[in-house]
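Undergrad: Each chain, written out:
Number of protein chains: 2
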Amino acid sequence: MSEITKTLKPPYYAVIFANQLSGEDEASYQHMAARMDELAACQPGFLGADSTRGADGFGITVSYWRDLAAITAWKQQGEHLQAQQSGKHKWYKNYAVHIAKVERAYDL
Amino acid sequence: MSEITKTLKPPYYAVIFANQLSGEDEASYQHMAARMDELAACQPGFLGADSTRGADGFGITVSYWRDLAAITAWKQQGEHLQAQQSGKHKWYKNYAVHIAKVERAYDL
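As they're listed, the protein sequences go chains A and B. Per this note's numbering, residue -4 is the first one in the first sequence, and the count goes up by one each step. Per this note's numbering, residue -4 is the first one in the second sequence, and the count goes up by one each step.
Please note that the accuracy of each hint is not assured.
When chains are identical, the list treats them as one kind, so a pair holds in a single copy or across two.
[Claimed, not checked] Lysine-lysine pairs mimicking DSBU-like chemistry, simulated, CA-CA at most 35 Å apart: (1) 1 x 83; (2) 85 x 4; (3) 96 x 83; (4) 70 x 85.
Hints were generated in silico from the structure; no laboratory data involved.
This is chain A alone, in the form it adopts within the complex:
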């Protein structure tokens, strides 16, 4: 695995995406997920991301962003909009999104 994203000096933003895969069309899910990682990393204001998924299909991805404007721009990116639609209707059984302002951060 890659290293955990290092903490930065706050304030910045976190998008916490917790999701349960439906198991439907998993090959296209994997392809989309890799593509979204690639695209997010190129977005202005992207600071890093950590992601993991258990054998039960429950996953958490946390991405870090400079500000809310960067998060909004990513949410509205064309390919990402399509992925969100397919996620809602096909890949995810359910999910929760939290957008939160990082006030403190430390690491080991």
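Mind docking chain B on chain A? Use the hints.
TA: Okay, now just chain B, sitting in the frame of chain A:
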């Protein structure tokens, strides 16, 4: 698996704990982790938590709290303090903690 923690009406707080297990003394780690879940759920101001870990030992736990005071009280809880020390010196290869104020939240 249990259901994803439902989003609430902001503001509230998230503690994002990303960690890589060292693999050392895994039995005692599992025991402690179960105990901490139990204790956290009894803390005043605890709103819920989501947690997952991949086969590579990389895990993310996000716990949700009413306010910063509730997070501080949990951080200083006696058994939790001991667990933090053992985590630092034994169970975790590395970790990052982000404490963030939830400003928006939605779910499917």
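Undergrad: Give the relationship of residue 70 and residue 85 under a CA distance limit of 35 Å: within one copy only, between copies only, both, or neither.
TA: For residue 70 and residue 85, the Cα distance is within 35 Å only inside one copy (18 Å; across copies 39 Å).
Undergrad: When no copy is specified for residue 96 and residue 83, does a C-alpha distance of 35 Å or less occur within a copy, between copies, both, or neither?
TA: This pair counts as both: shortest intra-copy Cα distance 25 Å, inter-copy 26 Å.
Undergrad: State whether the alpha carbon distance between residue 85 and residue 4 is at most 35 Å within one copy, between copies, both, or neither.
TA: between (38 Å within a copy, 27 Å between copies)
Undergrad: At most 35 Å between CA atoms: does that hold for residue 1 and residue 83 within a copy, between copies, both, or neither?
TA: The answer is both: 30 Å in one copy and 16 Å across copies each meet 35 Å.
The earlier numbered hints are all upheld by this structure, with none contradicted.
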